[in-house]
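Q: One letter stands for each residue in the lines below.
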Amino acid sequence: MLPAIPAGVDLAFSKEDEKFRRSLRTWLRKHLPKRHDEIDGGEDLNFEGPAQIAAAKKWQRTMHDAGYVAIDWPKEHGGKAASAVRQTILAEEIVTHRAPGLIGQLGLHMLGPTLIRCGTAAQRKRFLPKILTAEEIWCQGYSEPGSGSDLASLRTKAESDGDDFVVNGQKIWTTTAHFADWMFCLVRTHADAPKHKGISYILIDMKTPGIEVRPLVQMTGQSGFNEVFFTDVRVPRSNLVGELHGGWAVANTTLAHERNMLANPMRTQQLMADLVRLAARRNDNGGKVSRDALVRQRLADLQIRVDMMKYHSWKQLSDEIHGRPASVGGAISKLVTTELNHEICATALDLLGDYGPLVGRSPHAEDRGLWPRDWMFTLGMVIGGGTSQIQKNIIAERVLGLPRGA
Amino acid sequence: MLPAIPAGVDLAFSKEDEKFRRSLRTWLRKHLPKRHDEIDGGEDLNFEGPAQIAAAKKWQRTMHDAGYVAIDWPKEHGGKAASAVRQTILAEEIVTHRAPGLIGQLGLHMLGPTLIRCGTAAQRKRFLPKILTAEEIWCQGYSEPGSGSDLASLRTKAESDGDDFVVNGQKIWTTTAHFADWMFCLVRTHADAPKHKGISYILIDMKTPGIEVRPLVQMTGQSGFNEVFFTDVRVPRSNLVGELHGGWAVANTTLAHERNMLANPMRTQQLMADLVRLAARRNDNGGKVSRDALVRQRLADLQIRVDMMKYHSWKQLSDEIHGRPASVGGAISKLVTTELNHEICATALDLLGDYGPLVGRSPHAEDRGLWPRDWMFTLGMVIGGGTSQIQKNIIAERVLGLPRGA
Amino acid sequence: MDFALNGDQELLAQSARAFLKAEASPSLVRRLWDDPVGHCSDLNAKISEQGWAGLLVPEAHGGLGLGMLDAAVLLTELGRCLAPSPFLSSSVLATSLLSFAGSASQKRSWLPRLASGEILATVAWLEESDRLDPTGTVLRARRARDRFRLSGSKLFVLDAHIADVYLVAARTAAGLGPDGVSLFAIPRGAPGLSLTPLEGFDRTRRLFEIKFDDVVVERDQRIGREGAAWKHLQRMLDVACVAIAAECQGGAEHALEMAVDYAKAREQFGQTIGSFQAVKHMAAECFAEIEPSRALLWYAAQAQETSNKEASRAASMAKARLGEVYARTTNKAVQIHGGIGFTWEHDMHFWFKRAKANEALFGSPAFHRERVAALSGW
Amino acid sequence: MDFALNGDQELLAQSARAFLKAEASPSLVRRLWDDPVGHCSDLNAKISEQGWAGLLVPEAHGGLGLGMLDAAVLLTELGRCLAPSPFLSSSVLATSLLSFAGSASQKRSWLPRLASGEILATVAWLEESDRLDPTGTVLRARRARDRFRLSGSKLFVLDAHIADVYLVAARTAAGLGPDGVSLFAIPRGAPGLSLTPLEGFDRTRRLFEIKFDDVVVERDQRIGREGAAWKHLQRMLDVACVAIAAECQGGAEHALEMAVDYAKAREQFGQTIGSFQAVKHMAAECFAEIEPSRALLWYAAQAQETSNKEASRAASMAKARLGEVYARTTNKAVQIHGGIGFTWEHDMHFWFKRAKANEALFGSPAFHRERVAALSGW
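Chains as they are written, first to last, in the working numbering: chain A, 408 to 813; chain B, 408 to 813; chain C, 71 to 448; chain D, 71 to 448.
Note that these hints are calculated values from the structure, not bench results. C-beta atoms are modelled at their ideal positions from N, C-alpha and C, and glycine is treated no differently. Misleading hints may appear alongside valid ones.
Each computed DSBU-like pair below joins lysine-lysine, with the alpha-carbon atoms no more than 35 Å apart [what the hints assert, rightly or not]: (1) B:Lys464 to B:Lys564; (2) D:Lys116 to A:Lys717; (3) C:Lys91 to B:Lys717; (4) A:Lys426 to D:Lys379; (5) B:Lys487 to B:Lys465; (6) A:Lys604 to A:Lys564; (7) B:Lys422 to C:Lys379; (8) B:Lys482 to B:Lys537; (9) A:Lys717 to C:Lys402; (10) A:Lys602 to D:Lys379; (11) A:Lys604 to C:Lys402; (12) B:Lys441 to B:Lys487; (13) A:Lys602 to A:Lys422; (14) A:Lys602 to C:Lys177; (15) B:Lys695 to A:Lys695; (16) B:Lys717 to C:Lys281; (17) B:Lys604 to D:Lys379.
Residues of chain D clear of chain B, computed beta-carbon distances all greater than 10 Å [claimed, not checked]: (18) Ser85; (19) Ala130; (20) Pro182; (21) Gly408.
Just chain A, with the same shape it has in the complex (with noise of 0.2 Å):
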């Protein structure tokens, strides 16, 4: 018998990486919480509670204790300077486990790896710490209510009144502010200046007189955004990060990855995987309802995509570890895997027929209505990040070569 998938294309890991797998497995299924739920915000970061987020900077601190968290990051700042493929485990492990999602994820992806970056040795020594261990939550500062889309367009203004900025304007959908300790931020510093070169990067405490936040409720009825205002706020010039108007720069190094949040290929299998095992537990006239060839034809087409996305982020793996210049960027992954991901949740809707609006609190709802929140929630990511016309727009003139638009 010839091995599942032979060289050529190689998808063998080396002994060290499959060993790094062995022993994460065997910690997480040694460490991981009993009830997820009580501990995960879920995706939209809504934590419930003062008690489940000390459960979850607990998990956080667990997991970084045991050497898990950050691993991409230098060893110098606390990191493990592990590989994509590495990352890459890490990530399948933590989806395949269900384990919970980190609640510091926002200073660990995005202002952890710009600091390193663009930080001083001052703001490195100072955030990065209690950014591993959880002990200073992060939250992210950039859309604005008449900046969606075009974030160049931001308005909230910082001007310089000695060693402070002074802050006015307003965020929105601001995930984690409502319990956050810190915002990174992008602010405009130079009035008339072209769009995105009068802009600024800087850090705000949570705590700094003139903030307000006010939790924004999503259709699915739960929080985890935010709207924050911001009066007269003042913050320490030593809190700008990179050069003063310079905040575009800065924050692009690490825009890339919200995408590729929003596109994590093993979450769209964990939810093919729901779908197809509800098709299979649910019955209809006696007879499972995935022998309905409707049904069958549905999720086959849906299962082939899914698949074709796992593949699709291998060959765009590859090609980070081998250091060949990347075919395409996230905008295909993003456009893709968000729209699977409402239709993988919109089919799940279609087979429970009535019993698809039913809401995790009534007991006839399938999954604790997970299919109704995932649908609605899904839909936001569709839209959050960057909608499927601003990524068709960056794949029709920054891939194809057309002509930007007006």
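Assemble the complex: chain A is given as a structure, and chains B, C and D must be docked to it using the hints.
A: Only chains B, C and D this time, still in chain A's reference frame:
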């Protein structure tokens, strides 16, 4: 038992109209040629050789003698001043009986009404009678290679020289030009005026020296369209219709008709009925293809839209008959109908599997190869007469009031 | 020939729209969202005053004696504003079923009270299998001398918490075919009967589970002939299809209007988003689906007056098509709104949720397409 | 781990593309369109010189001993330019089937000649029912002492007019199940055998009907064991799926490139049509389908080395997906070209036609989705 559809929504025709339909049916059954394909050029008016052209002219003359040609024209010009209902009945019966199309339809539907509205008495007297009898066949010279969707950018120019215009340039997609006697044509008579404002509408004798007609073969392998080249073609000034430089308005009086020709709901119903018959006839593993659950879903989905467009056309017709303002123009019908026609044909190919691509001369071809040919031709109709993109622009801007694009 | 609304219907549409704009604004929808009842007795009373409760009731029984096209006109307006109202459950579905199945004396006894709004009724049909074919009706009504005893449960019953009487489909004979299904009128408070709300994401419409624990029913509570209710349920299914299709039509029209209005106002990249061709074409595609579907709806509504195969076929066509069009339109409308359309604060999600719930209610698009195929003789 | 082509494969892709650009230009495609043979012996000879005919033949039999991923790389390039070539019919399908089913001595006798291009072969499988399941193979091979006699007909046989030998699936035992199907190698000129071209709209690929009128076959012409050919045909079906998917990938890439190039050059309303968002998004949607599908193709090709259930599942996935992607892409590409894309004179229609023919060849997308479902154990 109640009547099929009782009053309220009133779908009954008047006694006189029903009588018109009955006598038309009787006439058609008696006079229909034995083999339509020997006389009918199809939707692309692609007549094969002089014998077919002569037969087609004879058919129009037979129809005319019986009073069934140009019934919408005023009586003083040889028409019947027939109501929209009668026109619809005529169109329905023509399609239902699969009677050949009229070879002179561009004269009957486009130039005739234009001359009646904008022509001089002399022009009407000279041209209208021979349009009715098919003694003179007309072609339409609007599109140019550089101006497809953007008709107003046309560049064929007509310069004044004494009592003549001198025409130079090129037209394309000119149906029937290879045997037409005359062309109604849009030309640029004022080079410096804004795009729409320097255009005139003139009539060109196709026998004039300097005209070259080259057939343009379609992807179906058939011709029907042509390119027409003009080199110093002299056209008497008396052949100008309407004002000099006022041709845009003249052409627009009948442009809507082109859209309607492409969106004939009867044609769609006929195509759908053919598809249903095909599915009922084909066998798959001992059972009719129409018993397959997937096929039934596709057929039902198509049938629903086909019927919907029929009712939609009734609604539009009713508004016209009763003098109510039209709720929407023909853009929806053009958009939906042409795409629906193409989808019906594509479904037929799918049902036929490996038999799908077989063309008419193959003994294994179904329906004498109609499906693959129409699958191609209907895509041409999605593009022609304003692409689907153009129709969506029209709906967005003129109906929904969204801003005009850049 | 005139394929259009008549003058009275045009008037009904206009007055209903004006009335509902004033009386059933989005703020009412929002206020009732978390309300345990989810209905406004004030609004219900005013709707009865308009005579709408008796719209489908013959004049002889105190109603307006109008038809399904009139009802569709009204339901289009109710669907446009998502008005919380028992009009669908009581005045359309239960009233129709009583008219189809009831004896002359039963109609005399029930219809005037339904027409005046004095009482509300609802239909209890579906069960755990969620199936609309005869196998879905399992609840057994066992005869015990002159009475029947019902045990089992019904699901997805509309407005059961405010209906005074339930029209319950139950089997009076063994088997799973169309024969042996009977109909009973059972008051809400009957001993042995209990209600559980089915919590769903569309809180503009309330559904319930009804449990029957040896509920005793007198013989005269049986509506129509014993074992012969199936064909009446089928005809009511057609009515339900048209009614929900009408709601979908109104809802889709409104959702697109909201999206178009937003696209004209919202600016990004220095221009209104409605000037981007991608947004324009999204809106145009929705409109090109919604506009012709109105003609399909009218045809299906009018065809109900004929009670033949074409009535069922047209009803299923309308339900299949409008259900999908509404769901697609609201999805696009949320996307055109961008992030704000995803918030609770904005009203858009009310329509988005209703659309998906309506798509499933009384049969999925696939169910109705198969029904169209069967009724077409394929 | 490295999910990518290796250096040799990259080289193969580049050299094949350069070679085919020079040797199989659109003008060749156009010239051969109306040619009765539709092949160019010059090109075939050059392709054999490259060693491609022996790509899948083991080195021991004079071939290159490469695998399906290498073949897919080459087929992607052939599909890109629609090169008229018996590579698919002979060097991939017939060669694979011989390798799977043939005895050691049969392989020794046939494979070297196939590898060198000395002879061409093709597979005759489908019949009137156009079915890929066992019921589709009806042609009876009756044993008469040491011989077999075949009567009946085969349809949709690729390149039968230039193949020197046909691998014919026939029933040596009664029944319609997988058992009893045997394989025979029959030379083109065998007495009682006749060919009829199947005229289709895609003239870049020629299909034939073969009629067998009491064709006599010697015992040693039977390939492999009697009655045991079905599993080999199934494995060849997987190879066919990957091969056609590869063609689709190349064709779709090329069609989109043509459309994008045209959109950059063609002006309407005073700007290039590629600056209109509607055109940009059409192109972007195509690209977002085509780019990830390459990874699916590679995976499916590589999975063929395993000959397990995953090989069939991945092959059907690739065939279902790429077939539809190619058809959609060419449809959009024609639309982006506008009227000119509808003309014979422009090359676009070659790809448009090939795409639709490929979608049906060796099983429709629906057929392969059902196969995926079955192999997934649903």
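Q: Could you run down the list of hints and mark each one as holding or not?
A: Hints, one by one, checked against the model:
Distance check on the hinted pair: Lys464 of chain B and Lys564 of chain B sit about 32 Å apart at the alpha-carbon level, within 35 Å; holds. This hinted pair does not check out: Lys116 of chain D and Lys717 of chain A have alpha carbons roughly 38 Å apart, beyond 35 Å. Distance restraint check for Lys91 of chain C and Lys717 of chain B: the Cα-Cα separation of roughly 33 Å lies within the 35 Å cut-off, and the hinted pair is therefore satisfied. For the proposed pair Lys426 of chain A and Lys379 of chain D, the alpha carbon gap of about 28 Å is at most 35 Å, so the pair holds.
Distance hint between Lys487 of chain B and Lys465 of chain B is fulfilled; the C-alpha atoms sit about 21 Å from each other, no more than 35 Å. Between the alpha carbons of Lys604 of chain A and Lys564 of chain A the distance comes to roughly 13 Å, so the proposed pair stays at or under 35 Å and holds. Between Lys422 of chain B and Lys379 of chain C, the direct Cα distance comes to roughly 27 Å. Compliance with the 35 Å bound is thereby established for this hinted pair. The hinted pair formed by Lys482 of chain B and Lys537 of chain B meets the criterion: a straight-line CA distance of about 16 Å does not exceed 35 Å.
At most 35 Å may separate the alpha-carbon atoms for a hinted pair to count; Lys717 of chain A and Lys402 of chain C meet this at roughly 27 Å. About 56 Å separates the Cα atoms of Lys602 of chain A and Lys379 of chain D, which puts this hinted pair outside 35 Å; it is violated. For the hint linking Lys604 of chain A to Lys402 of chain C, the alpha-carbon distance of about 34 Å falls within 35 Å, and the restraint holds. Taking the CA atoms of Lys441 of chain B and Lys487 of chain B, the gap is near 28 Å; set against the 35 Å cutoff, the hint holds.
Only pairs whose Cα atoms come within 35 Å are accepted, and Lys602 of chain A paired with Lys422 of chain A is rejected, the gap being roughly 50 Å. Proximity of Lys602 of chain A to Lys177 of chain C is assessed by CA-CA distance (about 72 Å); at most 35 Å being required, the pair is judged violated. This hinted pair checks out: Lys695 of chain B and Lys695 of chain A have alpha carbons roughly 26 Å apart, not beyond 35 Å. For the suggested pair Lys717 of chain B and Lys281 of chain C, the alpha carbons sit about 46 Å apart, so the restraint of at most 35 Å is broken.
About 68 Å separates the Cα atoms of Lys604 of chain B and Lys379 of chain D, which puts this hinted pair outside 35 Å; it is violated. Interface exclusion of Ser85 of chain D from chain B stands, the closest Cβ pair being 32 Å apart, more than 10 Å. The claim that Ala130 of chain D is not at the interface with chain B holds, since no C-beta of that chain comes within 10 Å of its own (minimum 36 Å). No beta-carbon of chain B is positioned within 10 Å of the beta-carbon of Pro182 of chain D; the least distance is around 32 Å.
Not every C-beta of chain B lies more than 10 Å from that of Gly408 of chain D, the closest at about 5 Å, which undercuts listing it as non-interface.
Of the numbered hints stated above, those contradicted by the structure are hints 2, 10, 13, 14, 16, 17, 21, listed in ascending order.
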